[in-house]
Amino acid sequence: MSAWTEMVFILLVVFDFFLLASSRLKAVIRAAAAQGALLSVLPLLLATDKAEIGHVLALSIGALVVKGVVIPWLLMWAIREASIRREVEPIVGFIPSLLLCAVGVALAFAFSSAMPLPTPEKHGFLVPTALSTVWTGLLLVVSRRKAVSQVIGFLVLENGVFLFGLLLSDFMPAMVEAGVLLDLFAAVFVMGIVMFDINREFSSLDTEKLSALKD
Amino acid sequence: MFFVILAPLALAALAFADPLQARRPRALLAGGLLHLAGVAFLWIARPAPALGGWLELDPLAKVVLTMISVLFAVCGVYAQGYLARRPDRDNRVFVGGLLVLLSAMTVVACSQHLGLLWVAIELTTLCTAPLIYFDKSARSLEAAWKYLLVCSLGIALALLGTFFLALAGAGEGGPRSLLLADLVRAGGALSSPWVRAGFVFLLVGYGTKMGLAPLHSWKPDAYGEAPGILGALLSGGVTSVGFVALARVVQVCSAAGEGAFARDALVGMGLLSMALAAVFMIGQSDFKRMLAYSSVEHMGILALGLGLGGSAASGAVFHTLNNGLTKGVLFLAAGNIHRSYGSKRVEDVRGAARRLPVSGPLFLAGFLAVTGSPPFSPFFSEFSILNGAIAGGRFVVGGLFLLFLSVIFVGMGATVLKVVQGDPSGAPEMHHGDSWLTAAPPLFLMALVLALGLFLPQELKSLFDAAAARVGG
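Going down the list, the protein sequences come from chains P and R. With numbering that gives the first Met the number 0 as the guide, the letters of the first sequence map in order to residues 0 to 214. With numbering that gives the first Met the number 0 as the guide, the letters of the second sequence map in order to residues 0 to 472.
Just so you know, the hints here were simulated from the structure itself, not pulled from any lab data. It is possible that part of the hints are untrue.
Some residues of chain P that are not near chain R, with every Cβ distance over 12 Å (derived) [what the hints assert, rightly or not]: (1) Arg29; (2) Ala36; (3) Val40; (4) Val55; (5) Val104; (6) Lys121; (7) Leu156.
Interface residues of chain R toward chain P, partial, derived using beta-carbon atoms under 7 Å [as the list claims (entries may be wrong)]: (8) Gly51; (9) Leu159; (10) Phe162; (11) Ala165; (12) Leu166; (13) Ala169; (14) Leu178; (15) Asp181; (16) Ala188; (17) Ser190; (18) Arg195; (19) Gly432; (20) Asp433.
On a predicted model such as this, the values are computed, not experimentally measured, just so you know. Backbone N, C-alpha and C fix where the C-beta goes; we use that ideal spot for every residue, glycine too.
All chains, full assembly: derive it from the sequences and hints.
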């Protein structure tokens, strides 16, 4: 069981690298979807005797449906609808962003070994994987030009936050967890609407063109 | 207490369902007045904590909620005049969104649970982003996109910070809860490295929401492009609830023995915000963007006051009230000037005092008030923050505070005087003069700011002190 769990964590970090290295938009969306789907296994793998089975299932199925299916589908729909060109246009190149990601992962492991976990029974890879994913999400948001890529970055960041939330799933009220999923959904949904209008207004989803406002 | 949360939501649903464009703004007025009545009732009734202690009207909540309620009611009156002038724009989303915003801000102000607080803050972002796009222009779209992206990132990091705090209390004998009272009671039992890390993330997250430098990048764009009424509610209401959120977090940090760390960070960010606002205020050629930098400055003042603690923290609570009301005056007056000239560039706008006999002078008076001139109330709150700095022996902080205030006074004054003075003939004309529906609301707010400056009831004063004492320090 434990070997499987470790495998999942390692795969999640591999997806982080893949997300930053891939140059095709569809591949990035698929990778984000796969990462989300992979996340949904973790509540089941990490469930302890103390956890209520209802909450565990809700978390797992919720993550699978929202992160793995609905939002990637919305994104795919958005690029088809707006006929966006398929390449990711990075501001920071692929190699530098991979290096930055590697530094982030190393720092995340250093950080979590310096921080004593108040709940020692939890898996030791949880915190560094979560922080690496958050870092990857931030990198994606700031280093990519396309609005869709930025939304994917935000999704990956939320994946990381969700992962961290698993540390607390034993005793946190379900409401907070439901709020996370709902808000994520709502955020991307609203972003999608805005994006659709960006497309009509500028006939491209390139946020570089959004630069009339500055001092 | 549920009334003030649910009534605006119900009216928002009504506004969404209402097919009549002209009738919809009345929902705003009704929402504002009902909310105000509800808050007045809460002052008298002193309700017990609701929802298992998740919602409570503590002193800080009382001050901020009252300010928001007054501001919203005034904006509700203003909206009648403003939206009547914009019949070309569909106001369904605008009216509904503002009412949801009112409800969400009420929840943030009263929330005693950090999870609930976070959900409500997220809601304030979601329901204001489409409103910035009210003008449906490329510029307002850019502003809305930036606002949404920057604030969602901030909010995601705030959630991570909230999780850190929850984890800090997850050990053996920890509170395992996000209720403020539980966390404060646990105090030293919280794991201090996690509290510290949590504070950093929460400061970044809610600091983005407040618009503290260097996390303010969305602010000039959003305030510059949003209608005046939304600018007033964003800079008076949303940023204030961001301040409330940060104050709650500081309360937990103080209890956990990490107060000094948190306070130093706040003082640093506060001074940085003021310095940055001073730099960008000089020579600003767009008077709505100028107001945005003024908001960055005042958020800096709030963070500074909170960080200094003691009488400065009490001054910061007072300043939340003053900043909200004065920003209402400035944004509504600026909105009138913008409508009348059809431009917000300083080179196009001159002689506002002659063309708009109420809004022009109000813009000037609002400027004097917001930069801390006596006898307006912001003078007294800024003075008490300065007093706190000097009394605490922080002379460098006090000196920098005064320096930035005076630079901002000069920089902002130059822009405001160009707008207000001079001869309006030849300037662009849109034939939107002052009407009582658009001029009276900011005038009323101005009178409130003046009245609070001339006479501060003892009851309010002790309320500020009680709110500051809760934060600790």
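task = Please settle this one: Lys121 of chain P was flagged as non-interface, so is its CB more than 12 Å from every CB on chain R?
result = violated, 9 Å
ask   = Does Asp181 of chain R pass the interface check with chain P, least Cβ-Cβ distance below 7 Å?
value = violated, 12 Å
key: Given as non-interface: Ala36 of chain P, which should sit over 12 Å from chain R by C-beta   = holds, 20 Å
task = Would you check whether Asp433 of chain R satisfies its interface hint, that is, whether its CB is within less than 7 Å of any CB in chain P?
result = It is violated, given that the least Cβ distance between Asp433 of chain R and chain P is near 29 Å, above 7 Å.
Interface hint for Gly51 of chain R, Cβ within 7 Å of any Cβ on chain P = Result: violated, 10 Å to nearest chain P Cβ.
ask   = Does Val104 of chain P really sit off the interface, with its C-beta more than 12 Å from all C-beta atoms of chain R?
value = At roughly 17 Å from the nearest Cβ of chain R, Val104 of chain P sits farther out than 12 Å, so the non-interface label holds.
key: Restraint satisfaction for Ala165 of chain R [CB to CB of chain P, less than 7 Å]   = It holds, given that the least Cβ distance between Ala165 of chain R and chain P is near 5 Å, below 7 Å.
message = Hint Gly432 of chain R vs chain P: min CB-CB distance below 7 Å?
response = Nearest chain P Cβ about 29 Å off; hint violated.
key: Restraint outcome when Ala188 of chain R is required to lie within 7 Å of chain P by C-beta distance   = violated, 10 Å
ask   = Given Arg195 of chain R was flagged as interface, is its beta-carbon under 7 Å from a beta-carbon of chain P?
value = Hint violated; Arg195 of chain R Cβ to chain P Cβ min 10 Å, cut 7 Å.
task = Mind verifying the non-interface call on Val40 of chain P? Its CB should be farther than 12 Å from each CB in chain R.
result = holds, 20 Å
query = Regarding the hint that Leu178 of chain R lies at the interface with chain P, is the smallest CB-CB distance below 7 Å?
reply = violated, 10 Å
Hint compliance for this structure: hints 6, 7, 8, 14, 15, 16, 18, 19, 20 are not met, and every other hint is.
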